[in-house]
Amino acid sequence: MSLWVDQFRPRTLDSLHYHHGLSARLKSLASSGDFPHILFYGPSGAGKKTRITCTLRELFGPGVEKLKIDQRIFLSPSKRKLEINIVQSNFHIEITPSDAGNYDRVVIQELLKEIAQTQQVDLNAKQRFKAVVINEADSLSRDAQAALRRTMEKYMSNMRIILCANSTSKLIAPIKSRCLLMRVAAPNPQEMEEVLNYVAKRAPFTLPPEAAKKIIDDSGGNLRKAILVLEALKMQSPDLSGPLAIAKPDWETYCYKVADLIVSEQSPARVMEVRAKFYELLSHCIPPTVILKTVAERVVEKVDESLKADIMHWAAFYEVRMRLGSKKIYHLEAWVVKVMSLYKHFFYDMDMSSFD
Amino acid sequence: MSFFNLKGASTKTAQKHVVDPALQPWVEKYRPKTIDDVSAQEHTVTVLRKALTSTNLPHMLFYGPPGTGKTSTILALARQLFGPDNFKNRVLELNASDERGIAIVREKIKDFARQTPRAETVSSDGKTYPCPPYKIIILDEADSMTQDAQGALRRIMETYARITRFCLVCNYVTRIIEPLASRCSKFRFTPLDPDSSTSRLTQIAQAEHVDVDSAAIDTLINTSQGDLRRAITYLQSASRLSASTDPPTPIAPVDIQEIAGVVPEAVINDFARTLGIDVEGAMQVDDSAKPKDGSFGSIQKKVKELMREGFSATQILSQLHDLVVHHPTLNGRQKSKCALVFAEADKALCDGADEELWILEVGLRVHKAIS
Numbered sequence: 001m002s003l004w005v006d007q008f009r010p011r012t013l014d015s016l017h018y019h020h021g022l023s024a025r026l027k028s029l030a031s032s033g034d035f036p037h038i039l040f041y042g043p044s045g046a047g048k049k050t051r052i053t054c055t056l057r058e059l060f061g062p063g064v065e066k067l068k069i070d071q072r073i074f075l076s077p078s079k080r081k082l083e084i085n086i087v088q089s090n091f092h093i094e095i096t097p098s099d100a101g102n103y104d105r106v107v108i109q110e111l112l113k114e115i116a117q118t119q120q121v122d123l124n125a126k127q128r129f130k131a132v133v134i135n136e137a138d139s140l141s142r143d144a145q146a147a148l149r150r151t152m153e154k155y156m157s158n159m160r161i162i163l164c165a166n167s168t169s170k171l172i173a174p175i176k177s178r179c180l181l182m183r184v185a186a187p188n189p190q191e192m193e194e195v196l197n198y199v200a201k202r203a204p205f206t207l208p209p210e211a212a213k214k215i216i217d218d219s220g221g222n223l224r225k226a227i228l229v230l231e232a233l234k235m236q237s238p239d240l241s242g243p244l245a246i247a248k249p250d251w252e253t254y255c256y257k258v259a260d261l262i263v264s265e266q267s268p269a270r271v272m273e274v275r276a277k278f279y280e281l282l283s284h285c286i287p288p289t290v291i292l293k294t295v296a297e298r299v300v301e302k303v304d305e306s307l308k309a310d311i312m313h314w315a316a317f318y319e320v321r322m323r324l325g326s327k328k329i330y331h332l333e334a335w336v337v338k339v340m341s342l343y344k345h346f347f348y349d350m351d352m353s354s355f356d
Numbered sequence: 357m358s359f360f361n362l363k364g365a366s367t368k369t370a371q372k373h374v375v376d377p378a379l380q381p382w383v384e385k386y387r388p389k390t391i392d393d394v395s396a397q398e399h400t401v402t403v404l405r406k407a408l409t410s411t412n413l414p415h416m417l418f419y420g421p422p423g424t425g426k427t428s429t430i431l432a433l434a435r436q437l438f439g440p441d442n443f444k445n446r447v448l449e450l451n452a453s454d455e456r457g458i459a460i461v462r463e464k465i466k467d468f469a470r471q472t473p474r475a476e477t478v479s480s481d482g483k484t485y486p487c488p489p490y491k492i493i494i495l496d497e498a499d500s501m502t503q504d505a506q507g508a509l510r511r512i513m514e515t516y517a518r519i520t521r522f523c524l525v526c527n528y529v530t531r532i533i534e535p536l537a538s539r540c541s542k543f544r545f546t547p548l549d550p551d552s553s554t555s556r557l558t559q560i561a562q563a564e565h566v567d568v569d570s571a572a573i574d575t576l577i578n579t580s581q582g583d584l585r586r587a588i589t590y591l592q593s594a595s596r597l598s599a600s601t602d603p604p605t606p607i608a609p610v611d612i613q614e615i616a617g618v619v620p621e622a623v624i625n626d627f628a629r630t631l632g633i634d635v636e637g638a639m640q641v642d643d644s645a646k647p648k649d650g651s652f653g654s655i656q657k658k659v660k661e662l663m664r665e666g667f668s669a670t671q672i673l674s675q676l677h678d679l680v681v682h683h684p685t686l687n688g689r690q691k692s693k694c695a696l697v698f699a700e701a702d703k704a705l706c707d708g709a710d711e712e713l714w715i716l717e718v719g720l721r722v723h724k725a726i727s
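Top to bottom, those sequences are chains A and B.
Residues 1 to 356 (my numbering) are what the first sequence spells out, left to right.
Residues 357 to 727 (my numbering) are what the second sequence spells out, left to right.
Read the hints as simulated data drawn from the structure, not as lab findings.
Note that the structure is predicted; figures quoted are calculated from it, not measured.
Hints should not be assumed to be uniformly reliable.
Said to hold, decoys possible - From the structure, some residues in chain B lie toward chain A, with a derived Cβ separation under 7 Å: (1) P535; (2) A537; (3) S552; (4) R586; (5) F652; (6) S654; (7) T670; (8) A704; (9) A709; (10) W714; (11) E717.
Using N, Cα and C, we set each Cβ at its ideal position, and we do this for glycine too.
Same shape as in the complex, but just chain A (with noise of 0.2 Å):
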């Protein structure tokens, strides 16, 4: 049996639930016969992989869901074996190139290259192209997405590209320059009611109003959470009635306790104590970024007013330096000890112009 997510994913343009102008669009640019290379951005759980399926079905008919996931091996420039995840159907193909890393412009070189150089020889195929769906394109490097662009106009004929990314910010512009942008935003509250109570009827069950409009507020936008809180919930009790508690991962918990110590106290020890709380989070692979905006939220929610704004500007700061930096933790202990200081400079009025 598989999840609720997957279960009730739609399978076509027609079913989706959100979005219409979105999905009549690509509809009529599927059936054109003019289907340019697409680029699909917006949060994540908002419904960008549905709707890339959803097209490719348009396009290509139901052949596209008889998937086989091949292991490719590329060899680096160094002469290093890279093992990749192929997932292919016969008229388009599947690639997370982040997964090879440095080298995800080995991958994107060969392997679009190749592609791009085999024709379709079916005739009856519904489209002379084949597709190829690029997951995670905003993590691609410079040098893949350089590789991209002439690559992108020269084999027109023999593929088209689709992207998917959460942003287009860290997207090269001659890329964005050569796509359609699809904006797929996140579906607001009454859409999310009405898929949350489409699966409801599908599974089947009723799902009391009040159930479904706390699971919303605790998804923030995100439907495959919602949908799988709903499934979760269902599994904890089965008729969806009383008071209802929505699990908080593990991990949220545990940021949330370490906002409350740096609150609590200002001293080196505390330090010493949120510091291992940090490395407990990052050794769980927790993202650095993640931690640092989950506990920044709830520093936030406890200070003053005129604090917040600093303790803001400080953790964007430290954010981008852990990104430029090696070691997360520095950054992320320079933070804790950058917010002590305004915090302590804030309540005893301190001279702390020295410490900056």
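Place chain B on chain A using the hints.
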């Protein structure tokens, strides 16, 4: 199943697949065929025309922002020099999608540079081409070549200068190492002025029978900021969208903005108002109903909303920047403070910083600078 049928089927599949011109990107389709077709770059074109008549060419370095016609110019020039027949064996085009490490420079370029060309002036299409006794190697996007690879080029350029001309094409001339740059004559390509963009776009629109009015063309030019390739791609995407609806609708400026990923003006104005910037033309109707503008909570909420809508941070930043810089009532000091914030945020976003944090940071600091 008969034998003949089989044979029939096989000849059918063997048909040569030609690129349908309707499916070609317009950028490729309307690439200038001769250097006289190149829009706007008068100075470069005059110099190159001279080179064409004298059939002597220096090593060249083309630089300028994207979409100004650098690659088009050199391709057109090569085509005019050699004609379609000789083009293949006289011109080597390498770009960032090809492997271009030091090994390639050593082997491929050297090999190509070494072969002495054979002249064949009368082409199959009956025209005579100058076909001078040298080859052209085009290194497109040369600024993404490594320093080592560029270093390896230095000597090669001189050794084979008798029979090979190099043309480096790049966006940032500063990324080309000095010894290479000094071996080339430099040509700077400037962003296209609105007039030449307009004429080119209308020309393409007419050739493709696309219904665009002047307002839509103005939007195209505004959103593309002198990048003709971007403008043409947007035009093509817009025409695809408008043609695929039933019945076909003329292209509206709003469509173009959506394609270009521009954040709607109303959204930006709303954000600016939350930050405490007066936006003219938009009256605050329900002043009392909203929480006090400019408080931390309201800004944070607004930023979260923006991020949920999926707008790109760089786009928000640049549009907010335009709004602040052209703002009529803010004074110089306030604008300068805001500009500092924008610059910092842009750098941070380039380094891959978290978008939500930085937009929030920008919001808070702009608010502080203004109040």
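Subject >> Hint numbers contradicted by this structure >> reply: 1, 2, 3, 6
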